[in-house]
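Participant: The lines below spell out each chain.
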Amino acid sequence: MTARIYVPGDAGAVALGADKVAKAFADAFARRGLDIQIVRNGSRGMFWLEPLVEVVTPFGRRVGYGPVKPSDVETLLDGGMLDGQGGPLSLGNVEKIPFFAKQERFTFKRVGLTDPVSLDDYLAYGGYKGLQRAIELGGPSTVEEVFQSGLRGRGGAGFPTGIKWRTVAATPPQQKYIVCNADEGDSGTFADRMIMEGDPFQLIEGMTIAGLAVGATKGYVYCRSEYPHAIAAMNKAVLAARKAGYLGSRVAGSDYDFDMEIRQGAGAYVCGEETSLLESLEGRRGLVRAKPPLPAHKGLFGRPTVINNVISLASVPFILAEGAKAYADVGFGRSRGTMPIQLAGNVKYGGLYEIAFGVTLGELVDDVGGGTFTGRPVKAVQVGGPLGAYFPTGLFDTPFDYEEFAKRDGLIGHGGIVVFDDTAEMAKMARFAMEFCAVESCGKCTPCRIGSTRGVETLDKVIAGVDRERNLAIVEDLCHTMKLGSLCALGGFTPYPVMSALTHFPEDFGRGSPLSIAAE
Amino acid sequence: MTIGQSAAHGAARGRYEAWTPARGTEIIADHLALEGPALPIMHAMQEAFGYVPQDAVPLIADALNLSRAEVHGTMTFYHDFRHEPAGKHVVKVCVAEACQAAGGHATSAKISEALNCGYGDTRPDGQVTLEPIYCLGLCACAPSAMVDGRLMGRLDDEAIEEIAAEVRQ
Ligand SMILES: Cc1cc2nc3c(=O)[nH]c(=O)nc-3n(C[C@H](O)[C@H](O)[C@H](O)COP(=O)(O)O)c2cc1C
Ligand code: SF4
Ligand code: FES
Ligand code: FES
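Protein chains in written order, with my numbering: chain V, 23 to 542; chain L, -16 to 152.
If we strip away everything but chain L, and leave its shape as in the complex, we get (with noise of 0.2 Å):
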């Protein structure tokens, strides 16, 4: 691998296009070669605009012969898809047992202050999304979190302080 690799995905900063249903379509398009192309299609739609535009879903339905209320079933179901465009900056704080254990309720608490932003909310500035995860696989280095992309763990104070000066940015 090369160096100072960075994940393959994640909230490309500022970067998200504006949606337009021929940017859909094209999408939609570079999939349906896949065997089960639905959910590609809504990552590659979240990776492009943030989110999955409400607009996209008959398009979706369209191409995949099937029902509008599939596809918003589909949709809706999964945690990751956001029916609204995130903020600046996304801070996933994990929530799950082996952070809780390592002093993570008092660190997600923290975090949402310094943040002023509540879990599941995206501040009323667009600043930051601030959302829960169970679990990111670091639970031998928790508490931990993933910030615009970005893994963090063992957070403490220093860290708190580094993700509020990431997205006063």
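Just chain V, with the same shape it has in the complex (with noise of 0.2 Å):
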């Protein structure tokens, strides 16, 4: 066997000189004469550690060093780095560092790990054995192991999604699709890029298993065109999947047909709500459609079909190959499994952090985070993307929690949370809230498309310390008339950033002390 070293190829580290590097390694050992094997692996989550390189040593021993610069490749060779020495950049085991051995890696188990478009890395590491189970166990107790395992739809509504699969497997037989949510817009949010950059295969085992427990023989992923990577790795996983029979008729030696495609958003938010995605992948404008009917009985092109995020469908493999029990067994309430939390914008130990549900706020963001990158206290931080709620640190004994959240006017959404330290103004992030849902409506409803414009107006208005008592009331106004009259979420949820934004910081609006924003 050809030695290793693992180079990652995720975005991240890409984004962070990962290509550079490996390209440093190449040549230096082309000028060495030695043979070893390059592998472009997913990232470990850990990105202040990116490009975090890694070793196998003749004794199979795992070895990471990093932040790895190109500079630094010629002195980690001669430092013994194939042997796995030590030097100021080893990290040693990477799989000790708190931040990781404080995981519960279901769903991440293998990103980092493998070589994402290898196969035979895959199946090597348990790959497969959930379709495996499926196929023995047949649709409907596919469907019901789903169930039993508790799992929420991770895209952000938490809708169970057993209940979802059984609606679809329900039906009678006729064409039916999967259809894989990759839009993933929100801000603060990168799990869906992480496991389709670095572990493919997943994703496309629980499209495989949802189509065998529900009779569907085809499957869409539509990924957001900003993740040129997700894309290139998932289209290569699917050739290697069909080639090797995993995708096509016969799956695996089954008695099930499926095969999948991946298609490109074209940069528009509101393609990541369900329906609208629906008529994005039918070739049209996003408008979001009207439900009943739910996509389960009427979805892509009039036919029944499963709509989820690329993590719900990357937890099903797991649950079916460790059991729903091994999956429910973990969590907090009436979330069980894990969630892939990410932890963005100003923090100090930014990455994806897997941990079953139950853990607070302030652990994630203080202990886990180690707080601001700045070093400056935290202000607030905004979870759930672009539609998620601004929680002050008087809110992080919250439990990471579907309900909890939802108790304290907020939500979870796709588990993202973006920090922000004091110097932040909450009033502009308020009046972005808005622009942000202006820019991105599908123009469908009236309080979305023009509530937003005006909610832009208005807080301008009292940025500018215009008549600030009366306009912040149209403001709230505004916001109780998209909350309630709103046909989803882009119109329906914008008032959560918003209105926390007053709520928890009213100084920052001008009320209260007149503090800061009154100066601009």
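Computed cross-link-like contacts, DSSO-like style, restricted to lysine-lysine with a CA-CA straight-line distance of at most 30 Å:
id : chain 1 : residue 1 : chain 2 : residue 2
1  : V       : K151      : V       : K347
2  : V       : K45       : V       : K370
3  : V       : K258      : V       : K45
4  : V       : K370      : V       : K91
5  : V       : K505      : V       : K450
6  : L       : K93       : V       : K370
7  : V       : K258      : V       : K131
8  : L       : K93       : V       : K483
9  : L       : K71       : V       : K42
10 : L       : K93       : L       : K71
11 : L       : K71       : V       : K45
12 : V       : K42       : L       : K93
13 : V       : K91       : L       : K93
14 : L       : K93       : V       : K450
Keep in mind the hints are simulated off the structure, nothing from the lab.
Join the two chains, each given in its own frame, into one complex according to the hints.
Facilitator: What follows is the structure, given as structure tokens:
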């Protein structure tokens, strides 16, 4: 076996120079006449250490180094890196780093460990065990297994995946579809991207199991165009899976047929909403559809369709392979299993942290994330993307759980946490939320389309100090109308960031002690 | 994956083809076997020509048996599709929340200044198109940008100078 060294091909690592580091290693190996394979793995999710290079020593130990710059390469090699020897960049066994060691990696267990587009690696690390079990169980029992696991949709709404699958399974046999929502538009989130780049076969396996479970033979992944690396990795993996008989007719030698395609979005946030996504896949403007009919009954091209988030589908192989109980055994309240939490923005240790539900927001931001990278106090965190609420540190005792966040007028969404330090101006963040809604509105309903534009104008007046109380009353009224009168959560949830900013940071809007903003 | 992999697509600088109806028709024909071919066709057009030419609209409408209004509506709905040729370089800067939290306001302003180009504009000399983008999934390496399809994270003054130098070429 040729020696291997791992240099992440994850887009985050690449943005921090991993391609240049890989090239520097390739050049150095050529100069030194060394026959060493450079594997472009996924990221271990510790972005403050990227590019994080790992070597496998002759004794089979895996040792990490990071963050590595191209100019470090010769020094590292001279310092005995290939034998796992130390040095200032040495991290030892990266799985022992506390950020990593404290996690419960169910869905991300292979990400960063394997060559993402090698089917052999996937199989060697437990891949396709879930599909084997699903084939043995058959469709109905597979649906029940997913139901028993308690898995709830990770795209934001938290709807039980098993119930969705039951609904589609119960429709009469006909062309049915599995659609994977890989639009991941929320700022502060990148878990879907990391799965597609770091373990694409797991998503393929999850979709194949879904197809078998509900009687669908065709799948689509709708991936946002901002993710070219993810699209490339998915396409490679689909080809490899098809070649090896894991996609196509008689999948893995069973009596089931399933194949899939990767499609690219076109930069519209609203196309992450499931019915808008279906419109887009069909080739139209991404106008949100009224429900009913549910996509489960009339979805893509009017056919019964399971539409699930990347992480929902990628969680399924574990559930099938290890059993529903193993998944449901961890968690909090009605939130079962694990959540890949994404720590982002102004955070010292930013990255992906997969853990059972129930961990508190404060533990995540302060203990795991280490506070801000600017070293200033945390002022607010936005949880759940652009439609999520801003929470002050006073709410840091909130457990990460769908219901607990809802009780405090927030949401966990897709699990992104964006950290802001005390220089953040919350009235401007509220304005941004309205502006984002105005830019991304599909235009179908008035409260969202017009309300958001009025919201921007009115908040501009508030920020300029014009007739503050009267204008804030208008903002509150607009939020109320948007919340109740919008067809989908873009218009309906934009009030969350706006109202939470106003409720928790009134002084930033000139209420109470008239501070900061007034000067501008 | 292979070494130094680059994104599968992106602005292939200066290598756009000139629009011809024949080439447009060919691109459409390549995608007709797909279910829901409209977006894949428009992406392929933009890939080839750097934008989706207005003249392509009636061709797509004919081929897909849609009205021109529908095709025009689809094309203009999506932020990705350009209606005019892009500059030689395309710089997309993330302006979403996580990048803002990491000092993105100042960074995006500096980039605009360094390139002498406003957001949503193509510089009159055709050298660069500057676009705002809402999240590149690099939120733990913020602020971030995509320059001619290449990703850049933790943008600092040095990185901004690197972008400006690339755009000068
Ligand atoms: C404006 C808007 C944007 C959304 N964006 C996404 C997205 O990017 N990814 C996603 O999985 N779900 C997104 N959703 C939620 C989907 O509508 C839907 O609930 C989800 O795809 C269902 O899959 P799940 O049950 O596995 O979560 C969005 C919803 C709204 C209203
Ligand atoms: S709330 Fe906004 S995005 Fe949603 S359907 Fe209405 S107009 Fe479209
Ligand atoms: S009819 Fe035009 S917005 Fe409702
Ligand atoms: S918010 Fe800028 S990359 Fe996600």
